[in-house]
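Q: Please model the entire structure based on the sequences and the hints provided.
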Amino acid sequence: MSQARPSMQELIGRRRRAGFVGRSDERAAFRANLDLPPEDERHRFLFHVHGNAGVGKTFLVRELEQLARERGALTAYVDEGAGSVPEAMAAISHQLAKQGRRLKRLEEMLAAYRDRRHEAEAEAATLEPAPEGPSPLATTAVRLGMAGLGALVPGAGAFVGAVDAGQLTEGAARLKARLSARFRNQEDVQLVLAPERVLTPRLLDELSDITSSVPWLVLFFDTYERTGPYLDGWLHELMTTDRYGALPADVIVVTAGQRPFDTARWGGFADFMTDIPLSPFTEAEARGLLADRGVVAEPVVEEVLRLTGGLPVLVSTLAEARPADPDDVGDPSATAVERFLKWEPDAVRRAAALACALPRRLDADVFRAVVDCAEEEAEALYDWLRGMPFVSEHGERVQYHDVVRAPMLRMQRRRSPRRWAERHGRLAETFGGWRAEREGGLGDPWADEEWRELRLAEAYHRLCAEERAALPFALGGVVRACGRGEEEARRWARMLVEAGADTHAEAVTGWGRELLHALEAPTAAPALGLLLDRAALDSTSRAIAHAVRGNIFRVAEEHERAVSEYDRAVALDSELIFARHGRAFVRAELRDFEGAVADLDHVLGLEPDNARYLASRGDYHRMCARYDAALRDLDRAIELDPTLRGAWAARGVTHHTLGRYDAALADLDRALEIDPDFVWGLVRRARLRRSRGEREQQLADLDRAVTLTPEAPWVLCERGDALSAVGRVREALADYQRAIDVDDAYASVYASRGALYGKQGRDEEALADLDRALSLAPDYPWALVHRSKAYHRRGRYDRALADAYRAVELDYEGAWALANKIQSDMSVGRLEQARVDLERYVTLGGDPAWANRQLVYVHQLSGRFDRALAEADTAATRCAVHLLMGNWSLARRAAEEELATDKLWGLWHLALAVSGEEGTTAARPLWMRLAHEARQPDAYSPQAHASMEAAISAALQAWSELDTWLHRVLTLYDWPYKASLADCLDILLHSPGIDRARLAPRLARVVAARDAMWARYAE
0 MSQARPSMQE LIGRRRRAGF VGRSDERAAF RANLDLPPED ERHRFLFHVH GNAGVGKTFL
60 VRELEQLARE RGALTAYVDE GAGSVPEAMA AISHQLAKQG RRLKRLEEML AAYRDRRHEA
120 EAEAATLEPA PEGPSPLATT AVRLGMAGLG ALVPGAGAFV GAVDAGQLTE GAARLKARLS
180 ARFRNQEDVQ LVLAPERVLT PRLLDELSDI TSSVPWLVLF FDTYERTGPY LDGWLHELMT
240 TDRYGALPAD VIVVTAGQRP FDTARWGGFA DFMTDIPLSP FTEAEARGLL ADRGVVAEPV
300 VEEVLRLTGG LPVLVSTLAE ARPADPDDVG DPSATAVERF LKWEPDAVRR AAALACALPR
360 RLDADVFRAV VDCAEEEAEA LYDWLRGMPF VSEHGERVQY HDVVRAPMLR MQRRRSPRRW
420 AERHGRLAET FGGWRAEREG GLGDPWADEE WRELRLAEAY HRLCAEERAA LPFALGGVVR
480 ACGRGEEEAR RWARMLVEAG ADTHAEAVTG WGRELLHALE APTAAPALGL LLDRAALDST
540 SRAIAHAVRG NIFRVAEEHE RAVSEYDRAV ALDSELIFAR HGRAFVRAEL RDFEGAVADL
600 DHVLGLEPDN ARYLASRGDY HRMCARYDAA LRDLDRAIEL DPTLRGAWAA RGVTHHTLGR
660 YDAALADLDR ALEIDPDFVW GLVRRARLRR SRGEREQQLA DLDRAVTLTP EAPWVLCERG
720 DALSAVGRVR EALADYQRAI DVDDAYASVY ASRGALYGKQ GRDEEALADL DRALSLAPDY
780 PWALVHRSKA YHRRGRYDRA LADAYRAVEL DYEGAWALAN KIQSDMSVGR LEQARVDLER
840 YVTLGGDPAW ANRQLVYVHQ LSGRFDRALA EADTAATRCA VHLLMGNWSL ARRAAEEELA
900 TDKLWGLWHL ALAVSGEEGT TAARPLWMRL AHEARQPDAY SPQAHASMEA AISAALQAWS
960 ELDTWLHRVL TLYDWPYKAS LADCLDILLH SPGIDRARLA PRLARVVAAR DAMWARYAE
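Going by numbering that gives the first Met the number 0, 654 is the number at position 655 of the sequence shown; the sequence numbering is gapless.
Rather than coming from a laboratory, the hints here were simulated on the basis of the structure.
The C-beta atom is built at its ideal place from N, Cα and C for all residues, glycine as well.
Treat each hint with caution, since some may be false.
What the hints assert, rightly or not - Per label pair, the in silico range of CB-to-CB distance:
hint : residue 1 : residue 2 : range
1    : GLY266    : ARG242    : 11 to 21 angstroms
2    : GLY844    : GLY918    : 42 to 52 angstroms
3    : ASP600    : GLU764    : 27 to 37 angstroms
4    : ALA733    : TRP958    : 41 to 51 angstroms
5    : ASP270    : GLU764    : 24 to 34 angstroms
6    : ASP270    : GLU449    : 28 to 38 angstroms
7    : ASP600    : ARG417    : 46 to 56 angstroms
8    : SER415    : GLU519    : 15 to 25 angstroms
A: As structure tokens, then:
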């Protein structure tokens, strides 16, 4: 069988290796290390090659890679083409697959990472809100900082989000919780937030499998001055800790960069690493390489040594041309590059080499665009160029070594500035044309990596052609690049530095350097501020910059500043959809749902059939209680996109609010058929189950939601509330504590736990939690109401009233907050205010039966007995009023009727009626029975118990016991209990058989306490 012919790539590689002479000590050290088992103390696990540009680091790394392969090792090579730890792992996986060792599990996880990242971009508006807020379609996106993503706005790409590191730290748990509600499990959340934590253990597992069948695995990380900032910490943890698992001992790591290793990080590990500093070739090494290429004429050798300074890339380049004649050596106008190319006899090759220095990166298409040659010559010419020592592979493209490219560019710019500008102008047009072709069909071109590369190249060549005219275009690109995150913005800033250096344009270089400095911050805000303050941006770019900065403030929860930025953006460009959409989100966060609807009205005027915008507006209509409008939008959104789970869920919640429980259940069921792991839908269906009295199904939905998002505080809090409602207190408290452990700045969980403590009578603990909730969210009506109740129970009426009134200010249309205010007012004798509020309470949809009972009580306490009787709808209320009016027979009749439904209170009312009509002696058997019944545990509240015991003691003329109970009622309890007790004792004072002399002063004490409390809190 004939031997297979080598591939083009193999031939190019051989040609390059054939030109490698020198570095014998470094190669020998690496080769010897491959002969030592990992257990040998002389074995080194890490080699770091470092030296200045052009000193031959990449050549040496490639030589070491070949040496490793010759020893049967698997190898993988990573350079700056990998922009993150996940991309580095992807490069390793891809190259090992080429060698017949697929890392299948890692590949699957990397694919999941890319999918999750894409979901975060495409579905940003569906990240979960707080449970009381609008549906996920209408909520703000969040910063996905650790994964390199920004906070997102549909149609505008991703926008970096944060204001400072402190705010990022504070918001980390909240961010994690929101993502937990969006994705299926915690591993997916970690894939977005900290992908290396999930992916690295998979990588190590796979490496353990493949290294069992090969002698060595060698990982090469080149251009470490660029990749080190994100790879160095990861590699250090990978090699020196067990955080991610065990790294096989037969793995060797080689890094290469311009700087020595960070001694602060690696200084303590000198015993397992080898430092390889590279200097330019010695004269002997340079002469050896030249001699190997047949360059031996001394004048030529001396000229090469002078021109190159021993830099291997330049020595190798000149040696490749094999010059034999040093003509024009002394020409002072000729540059080093001219001399190099003069020794290349083929004029077409010389011209191609110069032309191909113009683009920053090359592939066959760019080569054809830049080189003037016949089509049939192009392939061979491109292959020749790829084989040159100063050309290196970078993924699917190649690029010149900076040491060679820079002088080539300088020579061409100085030789003919006009031709320089013309050629860059044509390249800008070429890349612009390719960009326009690529743009067709892209919803958001900035989300497409290939399109962004073309736009970046176009901007570079525009700057090189005419930097002044092109600078606004390039800076506008930086504004938009900020929308893809800090790394994309830094790529543009580095391009500006390069373009400025290549064209000798200080203004362009200065912009690039200042932007790079600004982008060292954990936020894009400084860079955007710099651009807005000093760049000559067009109005559209300025509008986008303001909108991006608005988004930064929005995700940092600086809502007022966000609105201000969005306002500026809209003022500059009223049709900038993502600015209005972003402002709608912020307004919704501020509970300005009217404003949010107004913004979406404008957006939908431009895109009337956008299902997501319709669903968002429908949900905001729901929050404004415009249910018909909400249903119209949600119906239309579902018609346009029946797969929009959020629209189904929001419509289900709307039906729930309207009391249409069956329709609500059907819609929420449909949302969960579309996505069974839709956490917001599960929680809202659980609430519907609660309304339907289906407690088991409610808890089943919440259990499922917690399983999907075990670290989502709001879901844990929701289940805690459900458990509390069915008396499973210990489990509820456990859920609340778990939520706090995840996010100790989540206000709702403190409020819920505080409310539960209050139900248990643990008011000091309740107040501590409610204080914490309100320190985190000062305008939180629900927490204010429950703190008001706790203060009330503790007799701290001033504070109870303040919280009750504030809650109503914040939620003026909330019947539940108004009910608490009514009770608070009644507790201090503000009867008229309570009466007015009771009338409004009913109009807000409050419980009419409760309102009627309270209104009768207000009339009763106010002495409006006729109105009380007119409104009374129970035997108990009629009896109470008849007692106060002295209608004993009617009171007895009502009390006997009441006995059938409430034995205790009916007996009390009957004893009073008999006492008033026949005297305390006749009523004594009833009072004795009542005394026995009253001692049953948990029969009624402590306040009612004390009042009843006081009445029993007075009727039985047990004066000492009466004094004990009076002290409790007068010092601890509300105004209505004092007023009711005064009325009861007044009935007894006028009953036959009572010792009036002893009862009268005690009644006077009660009346005085009642009137003093009323006076203190008088309206």
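Q: Could you run down the list of hints and mark each one as holding or not?
A: The hints, checked one at a time:
Between GLY266 and ARG242 the C-beta distance comes to about 20 angstroms, which sits within the given range of 11 to 21 angstroms. Under the hint 42 to 52 angstroms, the C-beta atoms of GLY844 and GLY918, about 48 angstroms apart, fit the expected range. Checked against the given bound of 27 to 37 angstroms, the beta carbons of ASP600 and GLU764, roughly 47 angstroms apart, lie outside it. In this structure the supplied range 41 to 51 angstroms holds for ALA733 paired with TRP958, their Cβ-Cβ distance being about 50 angstroms.
The given range of 24 to 34 angstroms is broken by ASP270 and GLU764, whose C-beta atoms sit roughly 55 angstroms from each other. A C-beta distance of roughly 46 angstroms is found between ASP270 and GLU449, which places it outside the suggested range of 28 to 38 angstroms. Between ASP600 and ARG417 the Cβ separation comes to about 54 angstroms, which falls inside the hinted range of 46 to 56 angstroms. Between SER415 and GLU519 the beta carbon distance is about 38 angstroms. The supplied range of 15 to 25 angstroms is therefore violated.
Comparing the model with each numbered hint stated earlier shows that hints 3, 5, 6, 8 do not hold.
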